[in-house]
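*Asks:* Respectively, the protein sequence lines represent chains A and B.
Heads up, the first sequence is in my numbering, so the first residue is 553 and it goes up one at a time.
Heads up, the second sequence is in my numbering, so the first residue is 3 and it goes up one at a time.
Hint data in this document are derived by calculation from the structure and do not stem from the laboratory.
Do not rely on the hints blindly, as some may be mistaken.
Simulated DEER-style distance windows between Cβ atoms [what the hints assert, rightly or not]: (1) G381(B) / L840(A): 46 to 56 Å; (2) L840(A) / G51(B): 51 to 61 Å; (3) A718(A) / I10(B): 53 to 63 Å; (4) T195(B) / A815(A): 25 to 35 Å.
To give an idea of the interface, some chain A residues facing chain B are shown, with a C-beta separation under 8 Å as derived from the structure [stated by the list, open to error]: (5) G745; (6) R749; (7) G950; (8) A961; (9) Y969; (10) V977; (11) F979; (12) W1009; (13) E1019.
Listed next, the stretches of chain B that the computed footprint assigns to chain A, with coverage defined by at least 3 CB atoms under 8 Å from CB atoms of chain A [stated by the list, open to error]: (14) 69–80; (15) 213–221.
Bear in mind that the values here come from a model prediction, so they are computed numbers and not experimental data.
Think of the CB as a built atom: it goes at the ideal place given N, C-alpha and C, for glycine as much as any other residue.
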Amino acid sequence: MNIADFTALSPYLALSASTVITMLVLGFYRNHKITVILTLAGLTLSGICISGSLSVLPRDVTPLLTVDPYAYFFLVLLLLAGFAVTAMSYSYLEKHEGHREEFYLLLMLALLGCAVLTAATHFASFFLGIELLSVSLYALAAYFRHSDRSVEAGVKYLILAAVSSAFILFGMALIYAETGSLAFAEIASRVAGAQVRHLPYLSGVTMIIVGLGFKLAVVPFHLWTPDVYEGAPAPVTAFIATASKGAVFALLLRYFTRIDLHAQEALVVIITIIAVASMFIGNLLALLQTNVKRILAYSSISHLGYLLVTILASGPVARIAAAFYLSAYFITTLGAFGVVTVLSGPDRDADQMDDYRGLVWRRPLLASVFTAMLFSLAGIPLTAGFIGKFYIVAAGVGSALWLVVIVLAINSVIGLYYYLRIIIVLFAPVEQKLQREPGLSRSSSIALVSLTVLLVWLGVYPGPAIELIKVTMQSIL
Amino acid sequence: MTLLWLIIIPLLGGLAAWILGRDNNTAARWISLVALTLDCVLLAILWLGFSFQPEIGQGRWLIEWNQAWIPQLGISFHLAMDGLSFILVALTLFLGIISVICSWTEIRERVGFFHMNLLWILAGILGVFLALDLFLFYFFWELMLVPMYFLIYIWGHENRVYASLKFFIFTQAGGLFMLLSILALYFIHGGNTGIYTFDYNLLLGTSLTPSTAFWIMAGFLIAFIVKLPVVPFHPWLPDAHTEAPTAGSVILAGLLLKTGAYGLLRFVMPLFPSAAAAIAPTMLGLAVIGIIYGAILAFGQSDLKRLVAYTSVSHMGFVLLGIFAGSATALSGSVMQMVAHGVSTGALFIVVGMIQKRTHTREMGQMGGFWDMAPRLSGVGLVFALASLGLPGFGNFIAEFLVLIGSFRMHAVVTVFAASGFVLAAIYSLWIVQRVFQGEKRDDVHIADLTGRETGMMAALIIVIIWIGFFPRMVLKPVEPVIQAAGSSAFQENPVQIEGGGE
Chain A
553 MNIADFTALS PYLALSASTV ITMLVLGFYR NHKITVILTL AGLTLSGICI SGSLSVLPRD
613 VTPLLTVDPY AYFFLVLLLL AGFAVTAMSY SYLEKHEGHR EEFYLLLMLA LLGCAVLTAA
673 THFASFFLGI ELLSVSLYAL AAYFRHSDRS VEAGVKYLIL AAVSSAFILF GMALIYAETG
733 SLAFAEIASR VAGAQVRHLP YLSGVTMIIV GLGFKLAVVP FHLWTPDVYE GAPAPVTAFI
793 ATASKGAVFA LLLRYFTRID LHAQEALVVI ITIIAVASMF IGNLLALLQT NVKRILAYSS
853 ISHLGYLLVT ILASGPVARI AAAFYLSAYF ITTLGAFGVV TVLSGPDRDA DQMDDYRGLV
913 WRRPLLASVF TAMLFSLAGI PLTAGFIGKF YIVAAGVGSA LWLVVIVLAI NSVIGLYYYL
973 RIIIVLFAPV EQKLQREPGL SRSSSIALVS LTVLLVWLGV YPGPAIELIK VTMQSIL
Chain B
3 MTLLWLIIIP LLGGLAAWIL GRDNNTAARW ISLVALTLDC VLLAILWLGF SFQPEIGQGR
63 WLIEWNQAWI PQLGISFHLA MDGLSFILVA LTLFLGIISV ICSWTEIRER VGFFHMNLLW
123 ILAGILGVFL ALDLFLFYFF WELMLVPMYF LIYIWGHENR VYASLKFFIF TQAGGLFMLL
183 SILALYFIHG GNTGIYTFDY NLLLGTSLTP STAFWIMAGF LIAFIVKLPV VPFHPWLPDA
243 HTEAPTAGSV ILAGLLLKTG AYGLLRFVMP LFPSAAAAIA PTMLGLAVIG IIYGAILAFG
303 QSDLKRLVAY TSVSHMGFVL LGIFAGSATA LSGSVMQMVA HGVSTGALFI VVGMIQKRTH
363 TREMGQMGGF WDMAPRLSGV GLVFALASLG LPGFGNFIAE FLVLIGSFRM HAVVTVFAAS
423 GFVLAAIYSL WIVQRVFQGE KRDDVHIADL TGRETGMMAA LIIVIIWIGF FPRMVLKPVE
483 PVIQAAGSSA FQENPVQIEG GGE
């Protein structure tokens, strides 16, 4: 390793170092505010390192990691998620008793796991990233040890993540047995050279798809999602929905681009089935929910279904669509769960419809943010979600994937119904005299307002963002 | 740039009305009025500079503004105005001002937010009428739905939740199919020429195989005939119209339905002339069914507002008939009908709104004998009932008459059935007059007559509807070049010269 390697790795090193420093500081002096400031400083440092080390890209750092603009792009998204989740958690945890500081340690570790995934080009780093992420998330989901639902969520996540890791490991073993390599690039060249038997190789890839399917919560591997979303503390749910899924998706996209998904007909069929099933089942089951966190859980299942369309579609448009949609999805989901977090009290999270009744007349800012996020999820203009959905449909139509595109269109209409149902509740007339409730904490309001500004900016003037994504996505080849 | 300001002013006005109107209701109303008046002034300035008889070689757009928006995808912020857009923009602003005035005392709750929604709908509609980039068009098409949804949902009547959801989902579903078609067209054009663009002018010449053209056209068609609406895609309309507040009904009937017709004229006919010609017989059939079905259902209603809503279904049948009849005369009749129906049905909804505000009911069974108590209100009601039935002297007569003579030469049977719409319209219109304004006076109902504000507003509407009845060239002259351009590409028949003057 030389200086350039370290420079390329510096954002990752910054994340690790700040985790260790935070831990050490905690050993001497326990203070919620200082921990938050240290966490935010670590994230900022990592961001600064990114801007400082662009010149050395792309670069293979050890056989395990490829640090390229693609990895950095997703790293920026992850840092954004880290910022938002930390800002929301501060006021959320203030309302809760017990130790609050370790929450941020676990968050940073999970983020580091995600970060590794974005740069992984080798099964070893792939698995390390996945495990680092999962282990931190078990603890985060069960962070409120005295709440039954939180513990239930943690245990559920633990069991399913363990199963999915087992699948991934078995898949890796099969692929290794056939190709004799753990690096993506070499696997791809061996497969292209037709030196492998198809059945064991395809079984291996399918097992990895199953394992990652659990992480992405796509149908039929989605069963844990609603319970974990509902039971986990709201900021953790936001993290699982965005950073964890986003990083795994980034890995999947890189992996399938490397091994050329379209050469394997069977894999295309499998992913098509998963995508269609996720859209339909996610949306249809969301219609039946009355709990806001569960609605958002099912809606995220369908959104991952939309995203899979970009893996099926080919060409640069598809990758731009994936990156743009994922960015929009990050902003939107963080915003939506941010509102849930802010409204949650010490006893329970604000997940019942009644918590939102007539919210716009009580807390106009919060309700406007939530409405904007829901419209973005539904793909209504002026929001990033609209451009994102448009891009996905464009990618699908461009690759003549009529089936999935029409399914997507139908599902957008189904989805509209339950998003509007929440909006109806938000705007419901309330009888009693208006009573403005106490304002938001500063950190949450800054986070929510900046997310909304980003959302509208991407929705109205997406040109520069698309240009940036276009440049970074070229580097994946 | 002026075109952009036409859209931006209502958007900004809406924001201002919301922010400043949180504590001051009157401020919100005045801000909206001022914003729309400013828009009118802009339009008037444009109008003075137009000559509606373009010279040969001059572009077909009277004014155009083009600015790259998302260059990576070939999307530009391309606005342009021709005679058709001009007429519809003028109608939009006129009905917009009327809507603000008719909500002056009706809306008392959350006034600032109401006016923001109102102005944003108008901005969306203006955008639809001016956009020349297909992505931009779709953008505005979707944008106008959201505030309309809020308008129905927050300020609507008893059944508003159901009505607003139904409205949103019907129109959104139609819109998504249009999006697929737009993208298909985009990629086919890009594949043919290497230029990936959403620009209308460039996409016009896309060569398509007949079957591809048919499917792409079908996507556009679905969006537009849901909006128009054409039977059997109409079920959202009666609910939405009935439950919306008066201003919402006026905008729905007067403007939103027209965006469907505008889409057919602007996009379906020019982009897919042969596919549109192929589907014309079906559309003519649906048009006649719509005319008769709407009229019969209107007659069966006991809810006055619902009755008026169903008459829209019937009248929009004439618009559809005129568009697909394949003659320039019928086409100009359709445009005329868009304007005349916008004014007359908008006015009828206002009359219904005034009755409802005074008597707290829309049931005709509880009305009757209003003439003695409220002669001005009843007189206005009579005028617009007569306009609606197509009495000569009103714009509606010119419109429906032009549609019928235009289509008679090519589709005699269809036209004969469509003409029965006149008779049915006479039945339901006079039915309204008899049941509501005449008949036995009820002791338990008291109704106040029009106030000064209301009288002025209704006078403006009456002047406009009679004016275009006597001087239809005001409407027809600006759209003539548009219709001739459409006619020369889509129809073999020579355009019939339209003579001015009704009587």
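*Asks:* Hints first: check each against the structure and report whether it holds.
*Replies:* These are the hints, each one checked on the structure:
1. For the pair G381(B) and L840(A), the beta carbons lie near 54 Å from each other, so the given range of 46 to 56 Å is met.
2. The supplied range of 51 to 61 Å is met by L840(A) and G51(B), whose beta-carbon atoms lie about 58 Å from each other.
3. Range check, A718(A) to I10(B): Cβ separation about 58 Å, and the 53 to 63 Å hint holds.
4. At roughly 30 Å, the beta carbons of T195(B) and A815(A) sit within the given window of 25 to 35 Å.
5. Checking G745(A) against chain B: minimum C-beta separation of about 33 Å lies over 8 Å; hint violated.
6. Because the closest C-beta pair between R749(A) and chain B is about 38 Å apart, greater than 8 Å, the hint is violated.
7. Interface hint at G950(A): satisfied, since its Cβ lies 5 Å from the closest Cβ of chain B, which is below the 8 Å cut-off.
8. Annotation: interface hint on A961(A) holds; nearest CB of chain B at approximately 4 Å, less than 8 Å.
9. At its closest, the beta carbon of Y969(A) sits 6 Å from a beta carbon of chain B; the interface hint therefore holds under the 8 Å criterion.
10. Annotation: interface hint on V977(A) violated; nearest CB of chain B at approximately 10 Å, more than 8 Å.
11. For the restraint placing F979(A) at the interface with chain B, the shortest Cβ-Cβ distance is roughly 6 Å, inside the 8 Å limit, so the hint holds.
12. The interface hint given for W1009(A) is broken, as the beta carbon of that residue sits about 13 Å from the closest beta carbon of chain B, more than 8 Å.
13. With its C-beta approaching chain B no nearer than about 6 Å, E1019(A) sits inside the 8 Å limit, and its interface hint holds.
14. Chain A is given as covering the segment 69–80 of chain B, and this holds because 6 residues of the stretch bring a CB closer than 8 Å to a CB of that chain, at least three being needed.
15. Coverage of a stretch by a chain is defined here by at least three residues with a beta carbon nearer than 8 Å to that chain's beta carbons; for the segment 213–221 of chain B and chain A the count is 0, and the condition is violated.
In summary, the structure is inconsistent with hints 5, 6, 10, 12, 15 from the numbered list given earlier, while agreeing with the others.
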